[in-house]
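K.L.:
Chain by chain, the residues:
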Amino acid sequence: MTSEPSGRVELLQGTLDLIVLQSLATMGPQHAYGLAARLDQLADHPFPLNQGTLYVALVRLEQKGWIKGAWQRTETNRDAKFYAITAAGRCALERQTERWRRLAGFVEKLLVEGPS
Amino acid sequence: MIAGLRRFVLRLANFIRPAPADRQLEREVASHLVLMEEDLQRRGMTPEEAAVAARRTLRVHEVRERHRDARSFVWLEDARRDLRYAVRTLSATPGFTLLAVLTLALGIGSVTVIYSVIHDVLLDPLPYPDSGRFVNVRVRDTASGGGRAVLPAAEFLDFQQQSDVFEDVIGTRGDSLLLKTPDRVEILRAVHVTPNFFEVMGLPPLLGRAIGPADAAHDAPLVAVLRHRAWVSYFGADPGVVGRAYRFGEELRTVVGVMPPRFTWHAADVWIPRPVDLAAPDAVTFPRNFQARLKPGATIEQAEAQLNVIAARRARSHPDEYPETFRIEVVNVIEDVVGDFRGVLYTALAAVGLLLLIACCNVANMLLARATAREREMTIRAALGAGRGRIVRQLIVEGLLLALAGAAAGALLAHVGVDLLVRFLPEGPLPGEVAFGLGGPALVVSLVVAVSSAVLFGIAPALYAARRDLVQGLRGEGRGVAGGRGRLRNALVVTEVALSLVLLLGAGLLMRTFVSLVRVETGVDADRILVVFVVFPPGEYEEPAARRQFFDRALERISALPLVEAASATQGIPVFGGFRTELGLAGDPPSRERMSVVQWCTEDYFRTVGLTTVAGVHLPRIGPDEAPRTTVVNQTFASTYFGGAAGALGQSIELLLPVGTSSERKEVRFEIVGVVRDVRNQGIREGPAPHVYLPDGMTVGAGRTILVRAAGDPRMLAEPTRRVLAEIDSNVAIRPPDTFQEALDRYIFAQPRFSLLVLAVFAITGTVLVAIGVFSVMAYTVSRQTREIAVRIALGASRRQAMGVVLGLAIRLLAVGIAAGWLASLATTRLIEAQLWNTSRHDPLTAVAAIGIVAAVALVACYLPARRAMGVDPVVALRHE
Chain A
1 MTSEPSGRVE LLQGTLDLIV LQSLATMGPQ HAYGLAARLD QLADHPFPLN QGTLYVALVR
61 LEQKGWIKGA WQRTETNRDA KFYAITAAGR CALERQTERW RRLAGFVEKL LVEGPS
Chain B
117 MIAGLRRFVL RLANFIRPAP ADRQLEREVA SHLVLMEEDL QRRGMTPEEA AVAARRTLRV
177 HEVRERHRDA RSFVWLEDAR RDLRYAVRTL SATPGFTLLA VLTLALGIGS VTVIYSVIHD
237 VLLDPLPYPD SGRFVNVRVR DTASGGGRAV LPAAEFLDFQ QQSDVFEDVI GTRGDSLLLK
297 TPDRVEILRA VHVTPNFFEV MGLPPLLGRA IGPADAAHDA PLVAVLRHRA WVSYFGADPG
357 VVGRAYRFGE ELRTVVGVMP PRFTWHAADV WIPRPVDLAA PDAVTFPRNF QARLKPGATI
417 EQAEAQLNVI AARRARSHPD EYPETFRIEV VNVIEDVVGD FRGVLYTALA AVGLLLLIAC
477 CNVANMLLAR ATAREREMTI RAALGAGRGR IVRQLIVEGL LLALAGAAAG ALLAHVGVDL
537 LVRFLPEGPL PGEVAFGLGG PALVVSLVVA VSSAVLFGIA PALYAARRDL VQGLRGEGRG
597 VAGGRGRLRN ALVVTEVALS LVLLLGAGLL MRTFVSLVRV ETGVDADRIL VVFVVFPPGE
657 YEEPAARRQF FDRALERISA LPLVEAASAT QGIPVFGGFR TELGLAGDPP SRERMSVVQW
717 CTEDYFRTVG LTTVAGVHLP RIGPDEAPRT TVVNQTFAST YFGGAAGALG QSIELLLPVG
777 TSSERKEVRF EIVGVVRDVR NQGIREGPAP HVYLPDGMTV GAGRTILVRA AGDPRMLAEP
837 TRRVLAEIDS NVAIRPPDTF QEALDRYIFA QPRFSLLVLA VFAITGTVLV AIGVFSVMAY
897 TVSRQTREIA VRIALGASRR QAMGVVLGLA IRLLAVGIAA GWLASLATTR LIEAQLWNTS
957 RHDPLTAVAA IGIVAAVALV ACYLPARRAM GVDPVVALRH E
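Those sequence lines, one after another, are chains A and B. Anchor point for the first sequence: position 32 equals 32 in my numbering, and the numbering is continuous, going up by one each time. Anchor point for the second sequence: position 139 equals 255 in my numbering, and the numbering is continuous, going up by one each time.
Rather than coming from a laboratory, the hints here were simulated on the basis of the structure. Idealized CB from N, CA, C, for every residue including glycine. The reader is advised that the hints may include incorrect statements.
Unchecked claim - Chain A regions said to be covered by chain B (calculated; three or more residues, Cβ under 8 angstroms):
| hint | stretch |
| --- | --- |
| 1 | 24–35 |
| 2 | 55–63 |
| 3 | 72–85 |
This is chain A alone, in the form it adopts within the complex:
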């Protein structure tokens, strides 16, 4: 269980939620593989995401009512579950973004000051 391949990190729970919500908000409805691929693309180097973790975030967000999944057809006419952000999800995204910015700013400040 603890033998994660090196380079792959477990993301903080809130972080992954934020990433998923933000991606869905900008890209529109997406399926799990699409999300994973998109995140891989976005990252400068291969994104260290364990795709299993993605499912944990998806089920959590769906249960909270922030995203909603529905079965649809892809462009290649494949069956896939597309997730879309809901109104409640957008509110949550705003709050989470705000929180993230504050936290990131704080951490950034710490890092800039560096060890004295």
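Starting from the known structure of chain A, arrange chain B on it as the hints suggest.
P.N.:
Same frame as chain A, but now just chain B:
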């Protein structure tokens, strides 16, 4: 907040119905793989490469696991899986499961029953608020051990006014009075109470109102409050009685209230208010009894100290009221009321505790044997990666499941058991307030027992199994009987045998006691006699001549009834005589050194109870104006004072007897004209004391007993007798007639029978449990020895020799168990010594019988599996491994 709640509900829904979410996920994962493969092929991989790569990226197994964790409650899911697994394992071995549940049910059920009874009788028998602080007060003569519980008004007031440990003080006096209803006369027990009585007792009435201080005022109307039972049986439970007036004794009183069923203080039928009045002519006899409620925090010792100071002061001014040396005793009421019964119930609790121990040993043993048999399974599970905690938890769940099933079955058993037990409870030693039921506390006890036994049984084998060395466990099951677990199992068998022997010995001793009690020759033909207790209305029949006339007419007409062989009137009936008085012999005046039982009876008494004359003649018939001058004595009297029946005839004796209805006594001289056979006259357990029968002389007391000897079943005479008496005077009341045997059963045999019943049930249950336990352990041991037996037989041992090897161990265990049990019983039989009669607690017959039963049961339990093992073909047994 809302999001969190929403998530919680959905997780719960997914836990309850996991299938839809599972299907969704499978579909989603499949689609995920397809999409990824498609993508990878687009980037130039072959379909095969793409499939492998996709599966490497998305580790499906892990996705499933983590998805389940996130969408549901993982610990609940685990618990459910454990439970399902446990149910499957337990139902795979129905024999084991049934025996284990049955064993636990017997143990838990009997503990619950006895605890229910102990709780309702000993711990919380009275329904009154703060009843634990009620105390009785007695004057104890420290020289003789006797004393009085009767307090005259002046003493009562001194105690009440001069002490400060009591919150409230009540005084009572019991009396019987006649209630005249249109169709009959009933005898009621009336209790006069101080006006604060109901306020102090603190229970509201069922109907109407209770008596209050206002009812004690000089010009207040006369009132009464009814007990529930009296209301039901004498007034047909008619709510209209409240507000109506009835003739209670000599007075017309208005019924103002009816108390609830459990309000039965002093076994009254009716309560009547009465203030304490020093000027009243009977101030000496009211109140008679003194009860008080201690202030919160005040102790019995403080109360005793204060009352002793007050009483010592009183004794100086009223020396005639107190014995020479005395002390005041303050006794908790509950203690006073149920104290006698405590021994019986705690014996039962001890017995039931042993039973539960046996049951625990049994189940522990079965689980141990099973744990050994499951070594391979546990090892495989450990090898497959199950953590030690996981295996332990699994086994604990199994234990819990067994225990809960046992508790459920036990509760059912207890429900039936309480009903049964209550039916056999003796009435005498219990107060009327006691109400039985499987109360909350009893169920809690049962649950605690169940859960702790689960932990106990679950953990021991679980820890052992979890500590298993994988390699050794896989290589094969340990063979033979020796080894660590073998020793533990053997110790449990020894314990069980010992405990059951202790139980059986106890039950055996009580059985011997009971049998000797029942076999006691009372000297009376108990099953032929009807007992009719007569009460005269107040103010009538006060002259002895009037009573004599009534009894003469009654006996004449009863004797003429069909099937009546004889009838007589008497004061006091066997196995308690009349009263005791001082006796004077040949010039020596009556003294306390010589006492005799005195019983007045009419001339047909001896014929009625079946007493034969040893020497001389019967009692003479006394004319209406004649004073009795002759007497008949019993054999013990004759041999104690005159060296035998012949020496007693013609001798004269003097007795101190009451005169008229006053409490004054004077010496009266009698001549002995006959000697009769002995009858028990000091209760069933004591031998006969000197006894004097005096003819007639209806001088004392308002109550008399008529005994009727029947040619057949005396019960058939009850109604005709009642009719005859009603025809003579419809104002005379009688208690519902009893046969003599019924009276004996109720007052004498009920308690020993109850003790015996309880212990016998437990002893039998215990023996059954031991049989189950020994059988299951021996069956297991033998099954593991099958190979050894097969080898021995293959090598030429006879079946008898092989059997000897198997039984040898069993016999050794049995011998050790019996020795241990016998040693333990040397201590435990001391607990029931007080309940034994005419039976030594070292009674050899009982010991032999109990040991015989245990040994026989255990040997049969070993022999059956051993014989089965002998029957196995050696070739089959050897190939089986």
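K.L.:
May I ask which of the numbered hints given earlier this structure violates, with the numbers listed in increasing order?
P.N.:
The structure breaks none of the hints.
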